[in-house]
Structures are given as C-alpha cells and as structure tokens.
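Engineer: Single-letter residue listing:
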Amino acid sequence: MYANPNSIINPSLWPNGPAPGCFFNFPGNGVTPSTSNGGIITRTQSPVTTGTSILGIIFDGGVMLAGDMLGSYGSMAKFRSIERIIKVNNSTVLGATGDIADFQHLQAIIEQKVIDEDCADDGFTLKPKALHTWLTRVLYNRRSKFDPLWNTFLVAGIEDGEPYLGCVDKIGTAFSDSKIATGYGAHIALPLMREALEKKPQMTKEEARALLINCLRVLFYRDCRALNKHQIATITNEGVTIENNIQLDTNWEVANFVVGYE
Amino acid sequence: MARRYDTRTTIFSPEGRLYQVEYAMEAIGHAGTCLGILASDGIVLAAERRNTNKLLDEVFFSEKIYQLNADMVCSVAGITSDANVLTNELRLISQRYLLQYGESIPCEQLVSWLCDVKQAYTQYGGKRPFGVSLLYAGWDHQYGFQLYQSDPSGNYGGWKATCIGNNSAAAVSMLKQEYKEGETNLDDALALAIRVMSKTMDATKLTPDKLELATLTRHDNKTFIKVLPVAQVKTLIADHEKKEAAEAAKSKPPTTS
Numbered sequence: 001m002y003a004n005p006n007s008i009i010n011p012s013l014w015p016n017g018p019a020p021g022c023f024f025n026f027p028g029n030g031v032t033p034s035t036s037n038g039g040i041i042t043r044t045q046s047p048v049t050t051g052t053s054i055l056g057i058i059f060d061g062g063v064m065l066a067g068d069m070l071g072s073y074g075s076m077a078k079f080r081s082i083e084r085i086i087k088v089n090n091s092t093v094l095g096a097t098g099d100i101a102d103f104q105h106l107q108a109i110i111e112q113k114v115i116d117e118d119c120a121d122d123g124f125t126l127k128p129k130a131l132h133t134w135l136t137r138v139l140y141n142r143r144s145k146f147d148p149l150w151n152t153f154l155v156a157g158i159e160d161g162e163p164y165l166g167c168v169d170k171i172g173t174a175f176s177d178s179k180i181a182t183g184y185g186a187h188i189a190l191p192l193m194r195e196a197l198e199k200k201p202q203m204t205k206e207e208a209r210a211l212l213i214n215c216l217r218v219l220f221y222r223d224c225r226a227l228n229k230h231q232i233a234t235i236t237n238e239g240v241t242i243e244n245n246i247q248l249d250t251n252w253e254v255a256n257f258v259v260g261y262e
Numbered sequence: 001m002a003r004r005y006d007t008r009t010t011i012f013s014p015e016g017r018l019y020q021v022e023y024a025m026e027a028i029g030h031a032g033t034c035l036g037i038l039a040s041d042g043i044v045l046a047a048e049r050r051n052t053n054k055l056l057d058e059v060f061f062s063e064k065i066y067q068l069n070a071d072m073v074c075s076v077a078g079i080t081s082d083a084n085v086l087t088n089e090l091r092l093i094s095q096r097y098l099l100q101y102g103e104s105i106p107c108e109q110l111v112s113w114l115c116d117v118k119q120a121y122t123q124y125g126g127k128r129p130f131g132v133s134l135l136y137a138g139w140d141h142q143y144g145f146q147l148y149q150s151d152p153s154g155n156y157g158g159w160k161a162t163c164i165g166n167n168s169a170a171a172v173s174m175l176k177q178e179y180k181e182g183e184t185n186l187d188d189a190l191a192l193a194i195r196v197m198s199k200t201m202d203a204t205k206l207t208p209d210k211l212e213l214a215t216l217t218r219h220d221n222k223t224f225i226k227v228l229p230v231a232q233v234k235t236l237i238a239d240h241e242k243k244e245a246a247e248a249a250k251s252k253p254p255t256t257s
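From first to last, the protein sequence lines stand for chains A and B. Here UniProt numbering is used: the first residue of the first sequence is 1, the next is one more, and so on. Here UniProt numbering is used: the first residue of the second sequence is 1, the next is one more, and so on.
No wet-lab data here; the hints were simulated from the structure. Since we're looking at a predicted model, the values are computed, not measured. Every residue, glycine too, gets a C-beta built ideally from N, C-alpha and C. Check each hint, because a few of them may be wrong.
Which chain A residues face chain B? A few, computed with CB under 7 Å, are given here [claimed, not checked]:
{"#": "1", "residue": "124"}
{"#": "2", "residue": "137"}
{"#": "3", "residue": "205"}
{"#": "4", "residue": "245"}
Pairs of lysine-lysine residues, derived as DSBU-like cross-links and limited to a Cα-Cα distance of at most 35 Å, are as follows [claimed, not checked]:
{"#": "5", "chain 1": "B", "residue 1": "222", "chain 2": "A", "residue 2": "129"}
{"#": "6", "chain 1": "A", "residue 1": "113", "chain 2": "B", "residue 2": "127"}
{"#": "7", "chain 1": "B", "residue 1": "243", "chain 2": "A", "residue 2": "129"}
{"#": "8", "chain 1": "B", "residue 1": "205", "chain 2": "B", "residue 2": "127"}
{"#": "9", "chain 1": "B", "residue 1": "234", "chain 2": "B", "residue 2": "222"}
{"#": "10", "chain 1": "A", "residue 1": "145", "chain 2": "A", "residue 2": "200"}
{"#": "11", "chain 1": "B", "residue 1": "242", "chain 2": "A", "residue 2": "205"}
{"#": "12", "chain 1": "B", "residue 1": "205", "chain 2": "B", "residue 2": "176"}
{"#": "13", "chain 1": "B", "residue 1": "54", "chain 2": "B", "residue 2": "242"}
{"#": "14", "chain 1": "B", "residue 1": "210", "chain 2": "B", "residue 2": "176"}
{"#": "15", "chain 1": "A", "residue 1": "129", "chain 2": "B", "residue 2": "242"}
{"#": "16", "chain 1": "B", "residue 1": "226", "chain 2": "B", "residue 2": "205"}
{"#": "17", "chain 1": "B", "residue 1": "205", "chain 2": "B", "residue 2": "242"}
{"#": "18", "chain 1": "B", "residue 1": "226", "chain 2": "B", "residue 2": "252"}
{"#": "19", "chain 1": "B", "residue 1": "180", "chain 2": "B", "residue 2": "222"}
{"#": "20", "chain 1": "A", "residue 1": "179", "chain 2": "B", "residue 2": "222"}
{"#": "21", "chain 1": "B", "residue 1": "222", "chain 2": "A", "residue 2": "113"}
{"#": "22", "chain 1": "A", "residue 1": "87", "chain 2": "B", "residue 2": "252"}
{"#": "23", "chain 1": "A", "residue 1": "179", "chain 2": "A", "residue 2": "200"}
{"#": "24", "chain 1": "B", "residue 1": "210", "chain 2": "B", "residue 2": "243"}
{"#": "25", "chain 1": "B", "residue 1": "160", "chain 2": "B", "residue 2": "176"}
{"#": "26", "chain 1": "B", "residue 1": "210", "chain 2": "B", "residue 2": "54"}
{"#": "27", "chain 1": "B", "residue 1": "226", "chain 2": "B", "residue 2": "176"}
{"#": "28", "chain 1": "B", "residue 1": "160", "chain 2": "A", "residue 2": "113"}
{"#": "29", "chain 1": "A", "residue 1": "199", "chain 2": "A", "residue 2": "113"}
{"#": "30", "chain 1": "B", "residue 1": "160", "chain 2": "B", "residue 2": "222"}
{"#": "31", "chain 1": "B", "residue 1": "160", "chain 2": "B", "residue 2": "243"}
All chains should be built: construct the whole structure from the sequences, respecting the hints.
Structural biologist: So, in structure tokens, the structure goes:
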C-alpha cells in the first residue's frame, strides 16, 4: 500500500508492515492519498446521506420488511422519498441502512445481474440465500481493502418454498434469523419483535404487519433520524408487494410532560 | 498448399477453415475412447484406459474420469496434460461460484464458461488450442440429469448419448441405433456402454483394467458420483460376454446329426 523508502536498509516485519526504526503510516487514516490512484482517496471515510433502521420479520408463509423513506444529510432530513427497500426479483427483496450512495451503487449492480440472468434465459434465477452469500463476499472484500460499502443489508425472500431473512454488515458479518433489525432498530425495535415472536412464533401476515408498524412508530418517537413515511415489503409464495408512502398515526401529547418543552 | 495457414491459430485459411483447431480434433481422434449415456435415473460415463503398464504406480484412482464439483463429473479425451489444466480450471470455476453464491454452479453455465476460455485460445494470443474434448455429466435442480460434450473449438452441445476419442464415429452410430430414449435406466445404460465399448476399443477382449466406468445418480437430495470398482466392472463384462455367446448360439443353425 504505502511504499517504505527504507525497505532495503530496514526491511519491514511483514509485507506493507512497519519497519523497525522507521515511521509507519497506518493504513486507513486517509492522511496520505495513495499515489497509485492519482492521489485521490477512494475509501468511504464516513457516510454522507444515510438511511436509518430496517426491520425484518418472518411470519407464517412469508417474510416482511419495513423501513422509512428518509435520506438524512447529517442531522438534516434532506431526501424524504428515498426507497431503501427494493425488489430484486419475484422471490427476493433487499433493504439497506447506511450510506445511500453505496446502496444505490450496489442496487445498479444487482439490477444488472438480474438483467444478465434474464438474457442467459436458462431458467435459473437469483435466490435470497445466493444473494446474501454474494453480498457477504463483496462487503468482506471491500472492507479488506479498507474501502467499505458503508451499509447494513437485509436480504429477505422465499428460498425453496421457505421464508428466508439474512443480514450482512459493512465489515462482512453475515447471519440469518427469523427477526432482524438494523441501526437503531436493533436496540429499540428488536426487543419488541422478540417479545412478540416468543408469544407467537408463527405469526399471521396481519399480526406481523401490526408488529412492524408499532415498531416503526416507536422508532419515529425515539430515533432522531427517522421519518413518519414508510415502506413495507411483503414476500410470500405468491410474490413480492412493496407498499410505499405509508404514514403512521402518532400521539405527541407526551411531549408536554418533557421538562423544557413549550 | 494449405501449409502457409497452418502454423498460427488465429488466422483463417482461404477456404475459411481454422487448421489448428482441426488438427487438435485430429489429435483427439487418436486418444482413448470416452462415451456417455443419459439414463432416466442417472448418467453413465465409460472410458478406455490406455496406460495399463504394470510398472505404473497406482496413485490415481481414475485415469480419465474427474469429479468437478458436488454435482458434476467429466471424462477427457486427448492430450493428458492439456486435460489436467482444463479440469483444474473447471474445479476452480465451480468453487468460485460456490463461494460467491453458496450453491452449486448450474451445469450448462460451467460448460459454457470453460468453452468461452477454449474459444479465446482459437482467436487471441497466438497460442494453440487445447487438444482435449470433454464429456460432462451433471445434475442441477432446473434441468435434472444432463450430458454435455465440448471440443477444442470451444463449441459445446447437450447430448442423450455420445462418444469422443478413438472410433467415436462408429460408437455414435451404434448408439444412435441402440439408445432408446425414455426406456433406458442406469442398468440398461451400463450394459449398452459395455456393448459399445467392446466394439470400439482396440483390444480383442474387454478386461476391467482397460475400462473405467462411472455413474452419477441422485438419492435423498444428494448427488452420488461413483467410479465402479474392478469387481463390478468384471461382473458387467461377464454379463455382456454371456449375452454375446447366447446371441451367437441363437444365430448358428443347429447341427444335424
């Protein structure tokens, strides 16, 4: 990565590693742009336009994803109709938290993948687990180059007749579960989802929807980077439906009890 | 004379032929026979073993049949070292796909990928083509059991039964007559394979050390690839010879005394 000018006199302890007696530029600081790329920093240092939580839950016969439609520009609620949940094909849906540009970059690549598959016309279509595996490899390899895609992804769909829900984060940690939430949702919504699933492990579609809407409401109350305008995606054996622009009823009367609120 | 257009792969002759590719196929025509037969419940691959020298150290289980991934196996005919390079690459392609997508590569995609590589060697780089033809036997969840054949030009096709290598044309015409689509199960296919191989191989008598047989089948949602042990090959050959003797006795008129 960074050429060590004293490498012959003081060979580094490992390739691209520190050489005893020499100053070592730690990778990932972004202080010295790599000359191999014309001096431009190409790594995502910190996200710019971001999306907050995505919630996912498996119910009896399918899986449901929910998330708001906000792209935050730091603390500014700048883009209020961003689709953070997209349909990949008739059996797979993808939702993303984090940097919107990185998500849209991957969205274009995945859309092209679906087109290529269509052209091959050999009956094979991308399945949720396969997309999840591919996404894991891409994200892990990017993080290994210190240039991560600053997102956490939720992959949801029907795999061989069974509902599937998987998650991958920006450093390539991947897992699958019956209930997953990213961002603030992991702290606020996931306990609510766990409680509901413990009471009734095989929820109906309507119960799952009610649960997710309740969680979205709590998130809107508590997450300062959330918006009261949501997407809900439902995937069953019949196919994929994504509803946009869902608004929630909220009750802010409790604000009156907050000291200092006028 | 065509000589002027022979030596480089990447040019056409005036008649529009690629001589290097044709010469490669010529080389394969002298190699040990390989045949494949698609049955309703599996696939049979048979191969003629040429290296039967007793001094050879028995390191390899199979000379010409290679497993590519969990669901595919192939047999090769042609220049062995070229074949080693290609089978290695096929295995790598399969594993890369498995790593990326967490599932087995579809059969035709693997064949197609390698054939694109083979074709590139006939068009770019000034290198000679691979002197290998391959028979691929595999299973995937979309199309079930499949048999493919590829040659040095990079062309491939799907087959119900086919043959490559020495005397392959004779074998293919025999298969055309005797192969019954929809009525052939694995045992029928094995018997047919022995019958055809006995006619096309150089040896006067079939012995297990000269013949390699492999089957690909599915049980309990898993693919099973088996290279038949010597004992089983011996039994199959014995059955074949018994049938041959019975046929011969039938056609001979009874002796009158």
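Engineer: Now look at each hint and say whether the structure bears it out.
Structural biologist: Now for the hints, and whether the structure bears them out:
1. Of the supplied interface hints, the one on residue 124/A holds, with its beta-carbon coming within about 5 Å of a beta-carbon of chain B, less than 7 Å.
2. At its closest, the beta carbon of residue 137/A sits 5 Å from a beta carbon of chain B; the interface hint therefore holds under the 7 Å criterion.
3. Interface restraint check: residue 205/A against chain B, minimum CB-CB distance 28 Å, threshold 7 Å, status violated.
4. With 7 Å as the threshold, the beta carbon of residue 245/A stays out of range of chain B, its nearest partner Cβ sitting at about 34 Å, so the hint is violated.
5. For the hint linking residue 222/B to residue 129/A, the alpha-carbon distance of about 19 Å falls within 35 Å, and the restraint holds.
6. Taking the CA atoms of residue 113/A and residue 127/B, the gap is near 32 Å; set against the 35 Å cutoff, the hint holds.
7. Restraint check for residue 243/B and residue 129/A: the C-alpha separation of about 51 Å exceeds 35 Å, so the hint is violated.
8. Between the alpha carbons of residue 205/B and residue 127/B the distance comes to roughly 40 Å, so the proposed pair goes past 35 Å and is violated.
9. Restraint check for residue 234/B and residue 222/B: the C-alpha separation of about 27 Å stays at or below 35 Å, so the hint holds.
10. Using a Cα cut-off of 35 Å, the hinted pair residue 145/A and residue 200/A is violated, with the two alpha carbons roughly 43 Å apart.
11. With a C-alpha separation of about 66 Å, the suggested pair residue 242/B and residue 205/A falls outside the 35 Å cut-off, and the hint is violated.
12. Restraint check for residue 205/B and residue 176/B: the C-alpha separation of about 24 Å stays at or below 35 Å, so the hint holds.
13. Of the supplied pair hints, the one linking residue 54/B and residue 242/B holds, its CA atoms being roughly 28 Å apart against a limit of 35 Å.
14. In summary, the hint linking residue 210/B to residue 176/B is supported, as the alpha carbons are separated by about 24 Å, within the 35 Å threshold.
15. Restraint check for residue 129/A and residue 242/B: not satisfied, since their Cα atoms lie roughly 52 Å apart, outside the 35 Å limit.
16. For the hint pairing residue 226/B with residue 205/B, the CA-to-CA distance comes to about 24 Å; that is within 35 Å, so the pair holds.
17. For the hint linking residue 205/B to residue 242/B, the alpha-carbon distance of about 13 Å falls within 35 Å, and the restraint holds.
18. Between residue 226/B and residue 252/B, the direct Cα distance comes to roughly 39 Å. Violation of the 35 Å bound is thereby established for this hinted pair.
19. This hinted pair checks out: residue 180/B and residue 222/B have alpha carbons roughly 27 Å apart, not beyond 35 Å.
20. Distance check on the hinted pair: residue 179/A and residue 222/B sit about 30 Å apart at the alpha-carbon level, within 35 Å; holds.
21. Between residue 222/B and residue 113/A the CA atoms are separated by roughly 28 Å; this keeps the pair inside 35 Å, and the hint holds.
22. Among the hinted pairs, residue 87/A with residue 252/B is inconsistent with the structure: their alpha-carbon atoms are about 73 Å apart, more than 35 Å.
23. Straight-line distance between C-alpha atoms of residue 179/A and residue 200/A comes to about 13 Å, which keeps the hinted pair within the 35 Å bound.
24. For the given pair, residue 210/B sits about 20 Å from residue 243/B by alpha-carbon distance, which is consistent with the 35 Å threshold.
25. As the CA atoms of residue 160/B and residue 176/B are separated by approximately 10 Å, the hinted pair is consistent with the 35 Å bound.
26. Proposed proximity of residue 210/B and residue 54/B is supported: the alpha carbons are some 12 Å apart, at most 35 Å.
27. Restraint check for residue 226/B and residue 176/B: the C-alpha separation of about 26 Å stays at or below 35 Å, so the hint holds.
28. For a cut-off of 35 Å, the pair hint linking residue 160/B to residue 113/A stands: about 31 Å separates their Cα positions.
29. Straight-line distance between C-alpha atoms of residue 199/A and residue 113/A comes to about 40 Å, which puts the hinted pair past the 35 Å bound.
30. Proposed proximity of residue 160/B and residue 222/B is supported: the alpha carbons are some 22 Å apart, at most 35 Å.
31. Among the hinted pairs, residue 160/B with residue 243/B is consistent with the structure: their alpha-carbon atoms are about 25 Å apart, no more than 35 Å.
Taken one by one, the earlier hints fail for this structure at numbers 3, 4, 7, 8, 10, 11, 15, 18, 22 and 29, listed in ascending order.
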